[in-house]
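> One letter stands for each residue in the lines below.
2 protein chains.
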Amino acid sequence: MDSLLIRNARLDGQLVDILVEGGVYKEIGPDVGVSAERVLDAGGKPIVPPFYNMHTHAAMSLMRGYADDMELFKWLNEYIWPAERDISPEDVYHGTRLAILEMIRTGSIFFNDMYWYPDVALQAVEEMGVRAALGRFIIEESPGRIHRLNIEANNSLEKAYERSVVRDRVFLTWSPHAIYTVSEATLRRIGEQAMATGEHINIHASETIREVEDALKKYGMSPIAWLDKCGVLGPKTVLAHCVHLSEADIKLIRERGATVVHMPVSNAKLGSGNFNYRKVVELGGCNFTIGTDGNASNNNLSMFDEVKAAALVAKLTTGDPACGKDDALWKAATRGGAQAFGINGGIIAEGAVADALLIDASNVLMVPEHYLVANMVYSADSSCVDTVICGGRVLMEGRRIDGEADIIAGARERAQRLDRIQL
Amino acid sequence: MDSLLIRNARLDGQLVDILVEGGVYKEIGPDVGVSAERVLDAGGKPIVPPFYNMHTHAAMSLMRGYADDMELFKWLNEYIWPAERDISPEDVYHGTRLAILEMIRTGSIFFNDMYWYPDVALQAVEEMGVRAALGRFIIEESPGRIHRLNIEANNSLEKAYERSVVRDRVFLTWSPHAIYTVSEATLRRIGEQAMATGEHINIHASETIREVEDALKKYGMSPIAWLDKCGVLGPKTVLAHCVHLSEADIKLIRERGATVVHMPVSNAKLGSGNFNYRKVVELGGCNFTIGTDGNASNNNLSMFDEVKAAALVAKLTTGDPACGKDDALWKAATRGGAQAFGINGGIIAEGAVADALLIDASNVLMVPEHYLVANMVYSADSSCVDTVICGGRVLMEGRRIDGEADIIAGARERAQRLDRIQL
Chain A
244 MDSLLIRNAR LDGQLVDILV EGGVYKEIGP DVGVSAERVL DAGGKPIVPP
294 FYNMHTHAAM SLMRGYADDM ELFKWLNEYI WPAERDISPE DVYHGTRLAI
344 LEMIRTGSIF FNDMYWYPDV ALQAVEEMGV RAALGRFIIE ESPGRIHRLN
394 IEANNSLEKA YERSVVRDRV FLTWSPHAIY TVSEATLRRI GEQAMATGEH
444 INIHASETIR EVEDALKKYG MSPIAWLDKC GVLGPKTVLA HCVHLSEADI
494 KLIRERGATV VHMPVSNAKL GSGNFNYRKV VELGGCNFTI GTDGNASNNN
544 LSMFDEVKAA ALVAKLTTGD PACGKDDALW KAATRGGAQA FGINGGIIAE
594 GAVADALLID ASNVLMVPEH YLVANMVYSA DSSCVDTVIC GGRVLMEGRR
644 IDGEADIIAG ARERAQRLDR IQL
Chain B
244 MDSLLIRNAR LDGQLVDILV EGGVYKEIGP DVGVSAERVL DAGGKPIVPP
294 FYNMHTHAAM SLMRGYADDM ELFKWLNEYI WPAERDISPE DVYHGTRLAI
344 LEMIRTGSIF FNDMYWYPDV ALQAVEEMGV RAALGRFIIE ESPGRIHRLN
394 IEANNSLEKA YERSVVRDRV FLTWSPHAIY TVSEATLRRI GEQAMATGEH
444 INIHASETIR EVEDALKKYG MSPIAWLDKC GVLGPKTVLA HCVHLSEADI
494 KLIRERGATV VHMPVSNAKL GSGNFNYRKV VELGGCNFTI GTDGNASNNN
544 LSMFDEVKAA ALVAKLTTGD PACGKDDALW KAATRGGAQA FGINGGIIAE
594 GAVADALLID ASNVLMVPEH YLVANMVYSA DSSCVDTVIC GGRVLMEGRR
644 IDGEADIIAG ARERAQRLDR IQL
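Chains as they are written, first to last, in my numbering: chain A, 244 to 666; chain B, 244 to 666.
If you're looking for bench data, these hints aren't it; they were derived computationally from the structure. One thing to keep in mind: the hints can contain errors.
Copies of the same chain look alike in the list, so a pair counts if it fits in one copy or across any two.
Claimed, not checked - Lysine-lysine pairs mimicking DSS-like chemistry, simulated, CA-CA at most 27 Å apart:
(1) 402 / 494
(2) 317 / 522
(3) 574 / 494
(4) 317 / 494
(5) 317 / 574
(6) 574 / 461
It should be emphasised that the depicted structure is a prediction, and the values quoted were computed from it without experimental measurement.
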């Protein structure tokens with residue numbers, strides 16, 4: 244059985260040794276007194292849970308900085324969708340590898356992805372050692388008619404997943420794009436299938452005012468109520484954005500046990516509106532998690548930027564500096580995300596999966612350390628992440644990642660092609 | 244004469260050599276064909292202007308994460324002011340060194356500082372090679388009676404400055420704290436003295452609604468109008484925060500040629516209110532610059548976080564994704580700040596002062612590079628800064644800074660003392 248011994252890690256102010264066996268924390272104590280196949284000396288560095296990035300379009304990393312600062316439909320119609328029309332499996336492979344590299348460097352070991360060619364994304368995930376929820380992406384060409392590329396790629400994804408050796412860290416979801424791109428009949432079928440297999444459903448919901456107004460006009464109810472009516476709102480449903488929720492929506496999400504993914508950077512950057520932190524989190528008590536969205540609308544996958552933005556936007560939109568507290572956001576970005584996908588992670592404790600970061604406490608952004616969580620939420624950036632561990636595998640050590648130069652070179656080449664076609 | 248040759252730097256897409264003499268860019272071209280006392284191979288890295296951080300309380304870095312997420316007056320009365328009551332020159336020395344270290348790592352080579360014991364801050368600035376505007380800090384114990392510590396430290400600052408060998412990169416300002424802590428008579432005297440010496444005035448202005456309401460009640464006019472009436476609003480006046488400006492305020496600031504410092508992170512974190520980006524910048528055309536504020540209310544000095552927050556807050560508060568453009572914010576945070584202090588910097592051009600960053604274009608946050616400025620504003624963090632140059636002096640090279648461990652150790656020791664006294 245694979246084993247890892249992490250020596251001299253600082254956990255809650257104490258120096259401890261940590262034994263990992265089979266990807267799980269087996270023993271944590273002042274001196275566990277055994278050895279392991281691999282020993283890692285943490286040198287007194289704090290060990291903290293990593294981030295779980297709850298909403299991405301990983302391969303869109305090829306479009307980082309491709310089009311910014313413009314009105315949403317101009318951005319979509321003139322830049323993003325034309326660029327995506329020609330996207331190839333090779334683009335998705337290299338773009339997803341770039342995204343995973345960035346997530347590891349910025350302290351995330353899990354991402355919940357929705358994009359074209361998820362079968363190819365699976366290959367990138369297998370190679371790079373992180374956890375992922377990969378969506379059977381579904382968008383319709385016309386009502387009831389699923390996009391040909393989705394059908395092919397989702398079939399290919401199923402087959403590849405069946406023979407994959409990393410099913411302990413990758414699972415498949417049903418990822419219909421949104422209520423305005425997927426019909427009632429298809430949503431109903433997805434709801435039934437997900438129920439039968441126990442898999443998660445991952446969908447954009449209530450991102451813009453226009454989406455809400457259109458739903459009210461077309462269905463006589465909000466997007467959240469419509470999802471419920473179509474049988475896709477349950478305890479394994481993950482709702483991306485949720486910028487425009489009524490009180491009834493919040494109550495319904497809470498009653499169904501669904502999970503909200505807050506993406507303050509993307510919501511601000513695209514002018515989507517003000518997420519109601521107070522009502523959804525502090526008063527509503529919905530399952531609340533954090534994600535970055537894709538790099539076309541962020542423009543990075545750093546959960547450090549995201550938790551800081553979440554705290555600031557909560558305070559800014561309420562005028563209350565006590566709204567959006569560091570502890571709550573840190574928990575939402577770590578254990579909250581893990582729990583939403585049934586992963587016993589986001590916590591450094593015996594029995595939990597061995598996902599962790601070793602933090603460079605001597606990085607100037609971490610000094611002084613009056614309170615570690617405040618430093619992580621408000622001050623740290625990727626330069627503070629020294630070592631990244633996922634299920635006991637060391638993905639980055641001392642800021643070195645195997646094969647990084649190849650990943651960068653591959654992504655650059657694909658992005659150049661994008662430039663040639665589009666700009 | 245000191246000279247530096249930077250070889251193989253990428254400037255606007257071209258590889259160039261750059262000769263620096265006497266702290267100024269002397270020659271920039273494909274091959275300048277001379278050598279210099281020091282040669283630095285940029286290895287093709289992009290060369291860009293550094294940040295000019297337009298408002299700090301540098302030594303408050305000792306209070307990073309000391310008290311967060313609470314109501315403004317609780318934060319001030321129960322945490323910040325009690326901690327500051329015991330602050331010593333040694334605290335300011337080590338806290339300022341920590342702040343400068345952080346600013347260098349995060350790409351800033353200038354800061355406009357207002358804090359206790361500026362004479363001691365001068366020593367830190369002399370040692371660490373950056374540019375600074377250091378304020379004769381003025382706060383009154385009672386109307387007309389300047390704080391004893393201010394008088395002593397400002398006298399000591401004057402003397403130390405007179406014999407300083409770094410007057411090419413450090414200048415003194417008049418830094419009255421605010422209109423609610425400094426009386427009319429003192430403001431008038433400061434206005435006259437600054438006029439006589441040609442020095443800048445640096446003051447907090449219109450940070451909170453309460454400040455504006457109190458001014459209207461007490462003086463029958465806004466804080467900005469009051470500053471004008473007291474003779475301290477001119478082309479060398481730097482106004483920190485300016486969250487609550489009327490249209491008349493904006494017009495007055497523009498007419499006087501004063502400079503606004505926007506600090507979106509601090510303003511959001513303290514719940515100060517919504518800076519009107521559209522009116523001040525896009526419609527008003529005031530001199531617009533960016534600062535971080537101190538680390539007690541941010542909690543870092545990274546201008547990367549600040550420019551991204553400025554763009555996002557502009558979009559969020561207007562609902563318009565085209566408001567707050569990357570080019571405008573990048574310019575405000577670089578050349579805008581330099582110009583406000585009469586520094587011919589923030590630009591890589593012959594004749595300008597040789598302030599620059601070499602950027603690690605292979606850092607995953609910079610890949611791909613569809614547009615360098617978009618990557619700098621929306622994606623980069625401190626890990627992307629490879630080398631920092633200020634007036635031709637290399638302050639950081641390949642992410643190494645001389646004496647870093649000592650600075651960290653000194654700051655930690657002072658911060659521990661703060662913990663013992665206060666928490």
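> Please go over all the hints and tell whether each is borne out by the structure.
Consistency of the hints with the structure:
Taking CA atoms no more than 27 Å apart as the test, residue 402 paired with residue 494 passes in neither setting, with 39 Å inside one copy and 66 Å between copies. With identical chains, the CA atoms of residue 317 and residue 522 are at most 27 Å apart between copies only, with a shortest distance of 24 Å across copies and 32 Å within one. With identical chains, the CA atoms of residue 574 and residue 494 are at most 27 Å apart within one copy only, with a shortest distance of 22 Å there and 45 Å across copies. In this assembly of identical chains, residue 317 and residue 494 lie within 27 Å of each other by CA distance neither inside one copy nor across copies; the values are 34 Å within and 33 Å between.
For the identical chains of this complex, residue 317 and residue 574 are inter-copy neighbours only, at 25 Å across copies versus 36 Å inside a copy, given an alpha-carbon limit of 27 Å. With identical chains, the CA atoms of residue 574 and residue 461 are never at most 27 Å apart, being 38 Å at best within one copy and 46 Å at best between copies.
Violation of the numbered hints given earlier is confined to hints 1, 4, 6; the remaining hints are satisfied by the structure.
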